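Participant: Given next are the chains, with one letter for each unit.
Number of protein chains: 2
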Amino acid sequence: VDARLDDFFAKKLAYADALSPRAQELVGAVVELTMRGGKRLRPQLIYAGFRATTARETAHDWDAVASLGAAIELLQSYLLMQDDWMDDDDERRGGPSTHAAFARKVESPKLAASLAILASDVAIGFAVELLHATQFPPMRAVDALAAFTDMHFEVVCGQQLDLLGHADVSLTQQLKTGSYTVRGPVVLGAMLAGASDTQVQALERFALPLGVAFQLRDDLLGTFGKPAVTGKPVGHDLRKGKNTALVAEARRVFASDELASLDRVLGNAEATNAEVETLTRLFERSGVRAHVEAELRQRLTQAQRALRDATCLTPDGSGMLFELIERLAVRDR
Amino acid sequence: VDARLDDFFAKKLAYADALSPRAQELVGAVVELTMRGGKRLRPQLIYAGFRATTARETAHDWDAVASLGAAIELLQSYLLMQDDWMDDDDERRGGPSTHAAFARKVESPKLAASLAILASDVAIGFAVELLHATQFPPMRAVDALAAFTDMHFEVVCGQQLDLLGHADVSLTQQLKTGSYTVRGPVVLGAMLAGASDTQVQALERFALPLGVAFQLRDDLLGTFGKPAVTGKPVGHDLRKGKNTALVAEARRVFASDELASLDRVLGNAEATNAEVETLTRLFERSGVRAHVEAELRQRLTQAQRALRDATCLTPDGSGMLFELIERLAVRDR
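Residue numbers (the working numbering), protein chains in the order written: chain A, 269 to 601; chain B, 269 to 601.
Chain A on its own, in the form it takes in the complex (with noise of 0.2 Å):
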């Protein structure tokens, strides 16, 4: 994926260069944050679900998975790009999010933001075209095309609920995670093989859970993971207000003082660290973190075993599929 990656943006800066050396900028940021990392999960998953329907393995399915796993982390730029523009997320990947990198460059943020934006729409317009050289077989490319479309109107639609602040919070992260991070790449990568129906539907049975399961493990080491891991500091998305399950559980089972030392912290950028300590522990003494992590396991028991009834796929991909359950949810970072 990474040497699809290189070769394509090569052509693209030559291309942007052609028409104007400054369209190398829009470009050159969509490079950057791209290549600066991200755990490539979702080409990892792409290639677990057309290995979990096929035996089949030509030079000419390698870079079909190529193409689509490129593609698929263009997606992702594009999402991340937008997201920490609206989030005011300054910090992406160990190193500034577009944004806060273009205002380092021009005077106003308006301007600043307007080319991020300018920059996600390249990366979106780049997934596309790498969608495009991705040969799925002719009995699949038409499902193919929409599968990809739908996730991409479902993740919009999960990030504009999280920004309204959305009360049915598992809808939200469904809808934005859900749909991009497991089950899209998973399906996607089954109908490269030509996978059948059922193999199709087993294949979301096991993700729909796990998509869930990777988004609740991101909540929980969003408020209880060390920072020296995850990168960020500590209390982060209580103070970004971030709408998680932590939360919502927490509305739910908290006496009103407590409701008012998570109303304190929340959203509140300038909340003490000690503000944010007797929150956290709050929600360990009220069991909401308990609660959390039960519903993280019982989402993952769903996985696997939606994964073991599946007797349609390969033990190969199956096994692929039953390691990534362990990278997905049980990652400590």
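No lab work stands behind these hints: they were computed from the structure. None of the values given here were measured: they were computed from a predicted structure. Where hints are given, some of them may not hold.
No distinction is drawn between identical chains; accordingly, a pair holds when it is met within one copy or between any pair of copies.
Pairs of lysine-lysine residues, derived as BS3-like cross-links and limited to a Cα-Cα distance of at most 30 Å, are as follows [what the hints assert, rightly or not]: (1) 494 / 373; (2) 279 / 508; (3) 279 / 494; (4) 500 / 279; (5) 378 / 508; (6) 500 / 378; (7) 500 / 510; (8) 508 / 373; (9) 373 / 279.
Given the coordinates of chain A, assemble chain B onto it according to the supplied hints.
Facilitator: For chain B alone, coordinates are given in the frame of chain A:
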């Protein structure tokens, strides 16, 4: 095209509603802007490009023209939503622009801007989906998808140069509107017909000067147009600081006291009507207006000549393209 859009939007509103009633609001913003009007010039160019390269016309062809036309209209909505926010334009097509409409519903301007960007995300996703629904002849499918993504890339780069106030106004305009206003639709329409490379090249020779002429007409209307007809207030482009062909020519020929008058108005929302009028009269006296009008005529002549020389195009299609020259470059709104 409008029937296709109605149909498509009805399905998407139902899909959004199934995800979450609130998600309908993003789709609603796309519907609102797209159906509020616009000249639907691009779908006409698609159809003319199609007719110029084939005598065939089946129900299947009509269907493909409608899908592609709808795709381009949604690309246009996406661009308008973003441009209006970037340029702080609160009006569009006789109603509030998308970020301005959201600003009436939510408190924070940043949230309104974020929702407008999400609506633009929905619009470009829909555009891609309708592009995928357009059945190109197999021999042209790859070219057509590439033409679409290249067009997207170029217009985004053009917008970047525009925001940065790039010195080369004609390059900026060529990228920003040249590619997707005339050349893109005409060439995509031709590809729908399975046009030969010779035919596509002939259409490009016609489309490039016409795209420039369209933009020059836009520039002239933005400064000399009648507000009652164009829907834009007097001096709109000047107060917004738009980098038009008029401004570029003025910078080239103005004496220093005239430049002072230009700088007093350009990008100054507070400039008085008297100051604007002094400047527009300067544009006339110094030959700036005449220069831009002469260039416009020259481009029109180029486009007409290209069309007359193109023996590989059908008489029917050429006739339609001749008529479109008038509508695009001799319009008064």
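Participant: Compare the structure with each hint and give your call.
Facilitator: Evaluation of the provided hints:
1. 494 / 373: Answer is neither: 32 Å inside a copy and 39 Å across each miss the 30 Å cutoff.
2. 279 / 508: neither (38 Å within a copy, 36 Å between copies)
3. 279 / 494: neither (40 Å within a copy, 45 Å between copies)
4. 500 / 279: Neither. Shortest intra-copy (34 Å) and inter-copy (41 Å) distances fail the 30 Å Cα cut-off.
5. 378 / 508: both (21 Å within a copy, 15 Å between copies)
6. 500 / 378: Classified as both: same-chain Cα gap 26 Å, cross-chain 24 Å, threshold 30 Å.
7. 500 / 510: Within one copy only: 14 Å inside a chain, 41 Å across chains, cut-off 30 Å.
8. 508 / 373: Answer is both: 26 Å inside a copy and 23 Å across each meet the 30 Å cutoff.
9. 373 / 279: Intra 25 Å, inter 43 Å, cutoff 30 Å: intra-copy only.
Hint check: violations occur at hints 1, 2, 3 and 4; the rest are consistent with the structure.
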